[in-house]
Amino acid sequence: MPEGYFGDYFTFGMFAGLVVVLVGGTLLLARLVRPRVDKDEKLSTYECGVDPIGGGWTQSTVRYYIFALLFVIFDVEAVFLFPWATVFEEIGIFAFIEMMIFIAILGLGLVYAWRKKVLEWI
Amino acid sequence: MPDLLQLLETLLANPWVILGIKLSVLLILLPATLVVGYVELKVMAHIQHRLGPMYPGGFHGWAQTLADGIKFIQKEDIIPRAADRMVFAAVPFLTMMGAALAFVVIPVGPQWIIEDLEVGIFYALAVSSIGVIGVLMAGWASANKYSLVGALRMAGQLIAYELPLVLAAAAVVMQAGSMSMVDIVESQRPFWLFNWPQGLSFVIFMVAATAEVVRPPFDMPIAEAEIITGAFTEYSGMRFAFGLFAAEYIAFIALSALATTLFLGGYLPPIPALDWEPLRPLWFLLKTSSILFVLMWVRWTYPRLREDQLQRFAWKVLVPLSLANIFFVGALKLTPII
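Those sequence lines, one after another, are chains A and B. Residue 22 in numbering that gives the first Met the number 0 is what sits at position 23 of the first sequence, and the numbering runs on without skipping anything. Residue 227 in numbering that gives the first Met the number 0 is what sits at position 228 of the second sequence, and the numbering runs on without skipping anything.
Fair warning: there could be bad hints in the mix.
Rough simulated footprint, nothing fancy, chain B against chain A, three-plus residues with beta-carbon under 8 angstroms [said to hold, decoys possible]: (1) 60-72; (2) 105-118.
Simulated pairs of lysine-lysine, DSS-like, Cα-Cα distance not exceeding 25 angstroms [stated by the list, open to error]: (3) A:Lys38 - B:Lys70; (4) A:Lys38 - B:Lys74; (5) B:Lys70 - A:Lys116; (6) A:Lys41 - B:Lys70; (7) A:Lys41 - B:Lys315; (8) B:Lys41 - B:Lys21.
In short, the hints are calculated from the structure, not lab data. Each residue gets a CB set at the ideal place from its N, CA and C atoms; glycine is no exception.
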């Protein structure tokens, strides 16, 4: 059994594997006990009881693609924040001010998006 | 007799046996969802002046969720003709993983943890967003309009609330100076029930966590009155149970346990004098169940938000607030008050 650094990954992998086995096993069990009555209507797409109109893969507006862009920016910021947060006490006031400048710049970006009325769900 | 004890000792020292014991946590999770599900049925009933389930199992309907589970296993499993079968079938695995993997790093006691990863909290937040991929896959693979709308709503909601969640957790990491979950708990000593410099982080975290597990008042992605069950409209039987129910409840328990660890001192007792090793898991369970109860209470108190209100709240209130909170915690940490 691997130890140390790879040991962590090993445990994690075993856990993930066990989740798959558990879900797969239960689904298999369900397959053995459940009935199966084939009927063509059952296999049609659900649309409140009437026959579906058009396909299910229709065009739809993804309203929040700008939110998604903002999210990527802030999520990267969060990734930077974590290593900083673990050590900032040792570095002290310098690290604090520097990170605050970084956050302020991103905050300005958020204010800009706000003023540009990007943060409206239309 | 000594031989037997010795055998037991060598057996317990075997790393594979230890691993087996640790992994058996997963087997507790499914019954735990049944218990939490039952308690929620009862809590919601009593909040609404009803009795809730009373018949299954005899005593106050204790077997209700168990009966539900057995029923789910017996139900026919239908995959619509138009669906993308492979992707459709993969969804329960992904949503379950997204919900359950966080338990690897949750410390029930200083030794009672599957793996005390050095990046513990970071890992927990990372794996808990795997579920979104599952939901998006469900929405797309079903080839159903409701599913598609539900999945898009879900994605929009989860990206909006992921940020406050992560930033609130970052504030805790700043205070603890470590990402390991055990270190985070230990940093909260000496402890009396609440880690007060993190008060704002706690509120932000709880609101964002409720939105992340898609519970009311943030359940627009599965709003049954508007879009049936959102991304899981076409799911039936056990796939539905895993994809939506079990995953939702396990994620619910996981996030409550995370909140307990980050803000309520995890396994530390409310009074330092009670710090006795065997009792530690009890404190942890008590705190986690109180959070679960409060979230159920919130669920039956506030009506569902609207999609635009939800986004406005996340981006215009929670994100600026959590950025300010990081400044606040940092300043507090550098001044010698704490």
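Pairwise hint evaluation, lysine 70 (chain B) against lysine 41 (chain A), where the allowed Cα distance is 25 angstroms at most: holds (19 angstroms)
Distance restraint between lysine 41 (chain B) and lysine 21 (chain B), which requires alpha-carbon spacing of 25 angstroms or less: Judged against 25 angstroms, a Cα distance of about 31 angstroms means the pair is violated.
Three-residue Cβ test at 8 angstroms for the coverage of the region 60-72 of chain A by chain B: holds (count 7)
Pairwise hint evaluation, lysine 74 (chain B) against lysine 38 (chain A), where the allowed Cα distance is 25 angstroms at most: holds (15 angstroms)
Agreement of lysine 38 (chain A) and lysine 70 (chain B) with the hint, judged by alpha carbon distance not exceeding 25 angstroms: Cα-Cα ~21 angstroms, so holds.
Given hint lysine 315 (chain B) paired with lysine 41 (chain A) - CA-CA distance at most 25 angstroms: Violated, because 45 angstroms separates the two Cα atoms, which is more than 25 angstroms.
Chain B over the region 105-118 of chain A, status - at least 3 residues with CB closer than 8 angstroms: With 5 residues close enough to chain B, the hint holds.
Distance restraint between lysine 70 (chain B) and lysine 116 (chain A), which requires alpha-carbon spacing of 25 angstroms or less: This hinted pair is violated, its Cα atoms lying about 49 angstroms apart.
In the structure shown, a violation is registered for the earlier hints numbered 5, 7 and 8, in ascending order.
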